[in-house]
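**Student:** Each chain, letter by letter, is given below.
There are 2 protein chains.
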Amino acid sequence: MKGVPLEADKITVLAGCGSVLDLLFFCIASEGDAVGIPAPYYPAFDNDLKASRHPLKSVRCGLHSLALYLDSSKPVSSQLDAMWDEQNFRVLIVTNPNNPTGEVIPKNTLLEYLKWCCKKGIHLVSDEIYANSVFKRKEDLVSMASILEECEPELKASARALCHVVFGLSKDWGISGMRVGCLYTHNTELTGALDNLGYFAMPSTLVQEAAHQMLQDHDFVNHYIAENLRRLEASYDALTAALEKAGIPYTPAQGAIFLWVDMRAHLSEPTWQAERQFWQDIVDLGVLLTPGKDCHGREPGFFRICYASTPVEGLLEGVRRIESHIQQK
Amino acid sequence: MKGVPLEADKITVLAGCGSVLDLLFFCIASEGDAVGIPAPYYPAFDNDLKASRHPLKSVRCGLHSLALYLDSSKPVSSQLDAMWDEQNFRVLIVTNPNNPTGEVIPKNTLLEYLKWCCKKGIHLVSDEIYANSVFKRKEDLVSMASILEECEPELKASARALCHVVFGLSKDWGISGMRVGCLYTHNTELTGALDNLGYFAMPSTLVQEAAHQMLQDHDFVNHYIAENLRRLEASYDALTAALEKAGIPYTPAQGAIFLWVDMRAHLSEPTWQAERQFWQDIVDLGVLLTPGKDCHGREPGFFRICYASTPVEGLLEGVRRIESHIQQK
Numbered sequence: 001m002k003g004v005p006l007e008a009d010k011i012t013v014l015a016g017c018g019s020v021l022d023l024l025f026f027c028i029a030s031e032g033d034a035v036g037i038p039a040p041y042y043p044a045f046d047n048d049l050k051a052s053r054h055p056l057k058s059v060r061c062g063l064h065s066l067a068l069y070l071d072s073s074k075p076v077s078s079q080l081d082a083m084w085d086e087q088n089f090r091v092l093i094v095t096n097p098n099n100p101t102g103e104v105i106p107k108n109t110l111l112e113y114l115k116w117c118c119k120k121g122i123h124l125v126s127d128e129i130y131a132n133s134v135f136k137r138k139e140d141l142v143s144m145a146s147i148l149e150e151c152e153p154e155l156k157a158s159a160r161a162l163c164h165v166v167f168g169l170s171k172d173w174g175i176s177g178m179r180v181g182c183l184y185t186h187n188t189e190l191t192g193a194l195d196n197l198g199y200f201a202m203p204s205t206l207v208q209e210a211a212h213q214m215l216q217d218h219d220f221v222n223h224y225i226a227e228n229l230r231r232l233e234a235s236y237d238a239l240t241a242a243l244e245k246a247g248i249p250y251t252p253a254q255g256a257i258f259l260w261v262d263m264r265a266h267l268s269e270p271t272w273q274a275e276r277q278f279w280q281d282i283v284d285l286g287v288l289l290t291p292g293k294d295c296h297g298r299e300p301g302f303f304r305i306c307y308a309s310t311p312v313e314g315l316l317e318g319v320r321r322i323e324s325h326i327q328q329k
Numbered sequence: 001m002k003g004v005p006l007e008a009d010k011i012t013v014l015a016g017c018g019s020v021l022d023l024l025f026f027c028i029a030s031e032g033d034a035v036g037i038p039a040p041y042y043p044a045f046d047n048d049l050k051a052s053r054h055p056l057k058s059v060r061c062g063l064h065s066l067a068l069y070l071d072s073s074k075p076v077s078s079q080l081d082a083m084w085d086e087q088n089f090r091v092l093i094v095t096n097p098n099n100p101t102g103e104v105i106p107k108n109t110l111l112e113y114l115k116w117c118c119k120k121g122i123h124l125v126s127d128e129i130y131a132n133s134v135f136k137r138k139e140d141l142v143s144m145a146s147i148l149e150e151c152e153p154e155l156k157a158s159a160r161a162l163c164h165v166v167f168g169l170s171k172d173w174g175i176s177g178m179r180v181g182c183l184y185t186h187n188t189e190l191t192g193a194l195d196n197l198g199y200f201a202m203p204s205t206l207v208q209e210a211a212h213q214m215l216q217d218h219d220f221v222n223h224y225i226a227e228n229l230r231r232l233e234a235s236y237d238a239l240t241a242a243l244e245k246a247g248i249p250y251t252p253a254q255g256a257i258f259l260w261v262d263m264r265a266h267l268s269e270p271t272w273q274a275e276r277q278f279w280q281d282i283v284d285l286g287v288l289l290t291p292g293k294d295c296h297g298r299e300p301g302f303f304r305i306c307y308a309s310t311p312v313e314g315l316l317e318g319v320r321r322i323e324s325h326i327q328q329k
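From first to last, the protein sequence lines stand for chains D and F.
Under the UniProt record's numbering, the first residue of the first sequence is numbered 1, with each subsequent residue one higher.
Under the UniProt record's numbering, the first residue of the second sequence is numbered 1, with each subsequent residue one higher.
Hints listed in this document are in silico derivations from the structure and should not be mistaken for laboratory results.
In this text, a Cβ means the ideal position worked out from N, Cα and C, and glycines have one as well.
One thing to keep in mind: the hints can contain errors.
Stated by the list, open to error - FRET-style restraints, in silico, Cβ to Cβ:
(1) D:8 to F:215: 50 to 58 Å
(2) F:44 to D:7: 24 to 32 Å
(3) F:205 to D:7: 29 to 37 Å
(4) F:11 to D:220: 45 to 53 Å
(5) D:8 to F:50: 26 to 34 Å
(6) D:311 to F:43: 48 to 56 Å
(7) F:221 to D:222: 36 to 44 Å
As the list claims (entries may be wrong) - In silico BS3-like pairs for lysine-lysine, Cα to Cα no more than 30 Å straight-line:
(8) D:10 to F:50
(9) D:50 to F:50
(10) F:50 to F:245
(11) D:136 to D:50
(12) F:138 to F:74
(13) D:74 to D:156
(14) D:293 to D:136
(15) F:136 to F:245
(16) D:50 to F:115
Use the sequences and the hints to build the structure in full.
**Tutor:** Written out as structure tokens, the structure reads:
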């Protein structure tokens, strides 16, 4: 988290962000609680929140995620108020930059989220797992940890108790198999609980040593991040140029490794079934996207493209195949 | 587990046996259930079973452990029946070889445990974390995994559903920080659940690779185990000889890294408080033992000596100091 001086005793390191979310939600929410998540969002949140409460022996009610469809042209808090009136949720998760859209949340919006959560007395989880993968107007990205420092004194105490930042090495560093996930929180009751519960999801000493060595090598860190951003941006630029040429709309992204494309015009009808069919059709052409439904898209026809692990030629070939499929219809 | 042909799809590997117990008990027991454990037993079972259900937000009732005081001169099943009549427990844990006594459970007793659990329809967890640290009459140690194979056909189906073996690298290999814990079970519903839940306690790919390399090196494995047993036995022999000379009784062990010594004659009175005082007195002399109370000893005055990480001279010096304290009184 660039530009935020973190205090070591406020950081909990566990065996991946999956473990962080599992133990964090175990501590801050109760079975049956709803967790609000601005949509579209990361498909695996659903399992992360539910599975950890879904034992073998019986189907118990776990946490359930609640997709919040916010209009970015209107103030956040009045929209959240209206949604809250319909169904209370105990925790709000914001992912910045977002998965699947790659959008960076404006600083003012982050502050609005924080204030609103403090007003309601609910926990705010800021998922910043892609924070080092912002390649367009990098300065727009602000960590919730720094919003926390800048907020009004009368807000600070409750903000510090309620706001928790999740980050790790899996995405920005391309090493999800290494299992290093972190939580940053000022809530000492929470860090105390995780001190004990963390035993059940400890990162190996081998992993601690490897991560320590890697992060201590500042030349490597600076070089790696710069080169990673350069490559992500090159792929992003090539992909978006090809999509524009093909007339496929997309949500402009600033970071992460995803693009949210709009294929609504090309579905046989505006249904989830037609979205599924479109997905299958292009799978048959050798192109794998994430259906918008899995990301809780507001309506059928959106897809997530992950462009990080495919070379540019592969991305362009993918767009050509999608184009040929669209033109065939 | 020597002599037992394990099937790979029945093994679940997680980030340490703490994680294995946490997720295993999450699957096979419900909040408020009791777990029977023949005593004395491993002090940390209490936290392992309770903490995983003890969230920050409220004091909820977790699993609780129930110390079972069995008389080894009598048949197991009638004793368990009587205890069960007093308080049902949903799971039975047996640790073989035992912590803190280092005793190996006879094969017939293991079979009795298994049959009894099948009769009651409760889960049996066989904790074999010290299975490769048996240095006296090694052939006595039999894994529950092999008892399972040998039991009567009419028992096999329920035994396979109910019996789960826990083992790992932490103790026998002296690498608890590496976090490698394993579960062996024929229960496919359980392995299926852990396949999902295991995401929250995954061993790093770094750790998987290191463990793989280590265990594939058969020469190293054979040499390490033989040398480890030789050193453990040498320490055990030196320690027990010194205790005998000092007139301090102990429970003869066959393995693990502990000795269970009887200081009842040297407490100021037969109370837990006096045990604590004795413990403190010898701590003040620079000797650290585990109080029997923490291991759920049946009565005050027993202590656990861990002799694995102290050189023989240190063990002998420790006995001398205990002796001098006893003689002073």
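**Student:** When you take the CB atoms of residue 221 (chain F) and residue 222 (chain D), is the distance between them in 36 to 44 Å?
**Tutor:** 42 Å, holds
**Student:** Is residue 50 (chain D) close enough to residue 115 (chain F), meaning Cα to Cα at most 30 Å?
**Tutor:** 36 Å, violated
**Student:** Decide if the proposed pair is consistent with the structure: residue 136 (chain F) and residue 245 (chain F), CA atoms, cutoff 30 Å inclusive.
**Tutor:** 21 Å, holds
**Student:** Determine whether the Cβ-Cβ distance between residue 311 (chain D) and residue 43 (chain F) falls within the hinted range of 48 to 56 Å.
**Tutor:** 55 Å, holds
**Student:** With a cut-off of 30 Å on the C-alpha distance, tell me whether residue 74 (chain D) and residue 156 (chain D) pass.
**Tutor:** Since the Cα atoms of residue 74 (chain D) and residue 156 (chain D) sit roughly 25 Å apart, the hinted pair holds (cutoff 30 Å).
**Student:** Just to be sure I understand the hint, the distance between the Cβ atoms of residue 44 (chain F) and residue 7 (chain D) should be within 24 to 32 Å; is that true here?
**Tutor:** At roughly 30 Å between Cβ atoms, residue 7 (chain D) and residue 44 (chain F) fall inside 24 to 32 Å, so the hint holds.
**Student:** Taking the Cβ atom of residue 8 (chain D) and the Cβ atom of residue 215 (chain F), is their distance within the range 50 to 58 Å?
**Tutor:** Given range 50 to 58 Å: violated, Cβ gap about 35 Å.
**Student:** Would you mind confirming whether the straight-line C-alpha gap from residue 136 (chain D) to residue 50 (chain D) stays at or under 30 Å?
**Tutor:** Between residue 136 (chain D) and residue 50 (chain D) the Cα gap is close to 34 Å, so the pair fails against 30 Å, i.e. violated.
**Student:** That 45 to 53 Å hint for residue 11 (chain F) and residue 220 (chain D) (C-beta), does it hold up?
**Tutor:** 36 Å, violated
**Student:** Would you mind confirming whether the straight-line C-alpha gap from residue 138 (chain F) to residue 74 (chain F) stays at or under 30 Å?
**Tutor:** The hint holds at about 24 Å.
**Student:** Given the hinted pair residue 50 (chain F) and residue 245 (chain F), is their Cα-Cα distance within 30 Å?
**Tutor:** 41 Å, violated
**Student:** Straight-line Cα separation of residue 293 (chain D) and residue 136 (chain D) no greater than 30 Å?
**Tutor:** 27 Å, holds
Comparing the model with each earlier hint shows violations of hints 1, 4, 10, 11 and 16; every other hint is respected.
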